[in-house]
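Chains as they are written, first to last, in the numbering used here: chain R, 417 to 727; chain A, 182 to 378.
Worth flagging that the hints you see were computed from the coordinates, not collected in a lab.
Be a bit skeptical, because a hint or two may be false.
Quick list of in silico lysine-lysine cross-link-like pairs, PhoX-like style, CA-CA up to 25 Å [unchecked claim]:
#1 R/LYS649 with A/LYS193
#2 A/LYS222 with R/LYS649
#3 A/LYS222 with A/LYS193
#4 R/LYS649 with A/LYS227
Remember, it's a predicted structure, so these values are computed and weren't measured experimentally.
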Amino acid sequence: MNHAYGNAPTGIMHPSEVRLPAEDHFARRARRLQQLAERHEPLGEFLGFMARLAHAQQAALERASSSWQPEPAAFDLALEHGVPPLNIQALQGDIDIQGELEALLDALELHAGEAQRPLLAALRTRSEQSLRQLAGQVLAGESGEAPTRGLMPLVGAALQVAWHRLAHRLPQAPARPSAEVRTLCPCCGSPPVASLIETDASCSGVRYLQCSLCATQWYLERSICSVCEQSGKLDYLSLTPNTDEEDDNATVAQAEACGDCGSYLKIFPRALDADVEPLADDLASLALDLLLGEEGRYRRSGFNPLLIAEG
Amino acid sequence: MTLRVTRRQFFKLGAAGMATSSLAMMGFSPEPAVASIRHFKLTGAKITRSNCTYCSVGCGVLLYSRGDAAINNVDDIYHVEGDPDHPVSRGSLCPKGAGLLDYIRSESRLRYPQVREAGSDEWRRITWDEAFERIARHMKDDRDANFVDQNEAGDTVNRWTTTGMLAASASTNETAYCTHKIARSLGMVVFDNQARV
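Extracted from the complex, chain R is given alone in its bound form (with noise of 0.2 Å):
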């Protein structure tokens, strides 16, 4: 039924397992991570860059193809036996990181600031193999050496590119990943930045999951812990101001902390703000993991390339 307040729902809902980053996945969290920044005064000129970041990558993966292109038919096999056809492990020495990044600082280069060209000029001079291990650093989730955390990201941000460039040549999108490994991106087996609600009517109250690296997004239960898949003692905690005053910062984000294995990962229910995307809303939020490294009970399981820290 149509009515002018809305539809009724026509019959049960189905909800994608499974859902493949959109072309234009970059260029929306560009916008959305602009918007943060005029949002966000205390991090503004941070969300700024990786909001040009964004838009950068959003232009390397539509300017340059990838001198390494899989074969057509080389993801079957993964795909038919439930394995994540873009395995970060197995593909990490196939992808010409070199070209990926280059195309990326090119698009970045002029839009970058004073203070962060020496990085763009720094991982130019890089070689190949050195590059490699930063990227192996990246994709291991290591905190890597203090001298050459400031060039990761970049590292990272570039095989965010490559990996987007391989999901967007997948046939179809992989089953829901098994329960051994229902947490980890079934596409690329990195874990994931934080997850989301959806309100679509097609998936309306859903909860995805999304990979902190190619940013595929799968279905997890809601209410149950990402790590440990328990559901006792999940506590949702976010910021609140000490005072009344209204303040945008405390909005969105969700640290869902899980009191059976000690961690937590953000999440963002789309009913407070239709425009949140994990992985930028996640850097926005920063002030929510300082609060919660602060009072110590959790620790961080989402992974963001973006932002690397020690410990």
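For chain R, the structure is supplied; the task is to place chain A on it using the hints.
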């Protein structure tokens, strides 16, 4: 918790690590973000799976509550929504289910046993023990007085038709099994489920 072999790692993203984080190494100052947390405190909410109380479909619902679980005090259910993961209802709720929050908060909701004595016009609060005793007494008296062990033809029937029972709607199989055993073993034949009401 079963240990699973995954690549998931735990990070600490605290104020102490900010100075050597990639954010700082890329030339951005972490200080304003670190300073901003002084204006905030952490507040928690719980989400609990449950079933709608109304009918036998037993739609899944998620109950949002505030309160400190550490002291076992959940003081306020503030939101109810359909459970999108529920295999039967897939997140949808009928208008009755969608209005559950008002039902939960209803001032006239029954929260404890009450009795209105014969001849009185007032409801009086009683304890659960007292309530069980009174119910058991009534049942026993009525069953002793009206139990039918044989019908007119002399066949053994063992039935008790003067007391009935209305069972709850969204019961599990196990609850339904126990309810059935109790009612039928007393000889009770007037027995229905509120789901059909």
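Evaluated hints:
For the proposed pair R/LYS649 and A/LYS193, the alpha carbon gap of about 20 Å is at most 25 Å, so the pair holds. Under the criterion of a C-alpha separation no larger than 25 Å, the hint pairing A/LYS222 with R/LYS649 is consistent with the structure, at around 20 Å. A hinted pair counts as satisfied when its Cα atoms are at most 25 Å apart, and A/LYS222 with A/LYS193 qualifies at roughly 19 Å. Between R/LYS649 and A/LYS227 the alpha-carbon distance is near 9 Å, which keeps this suggested pair within the 25 Å criterion.
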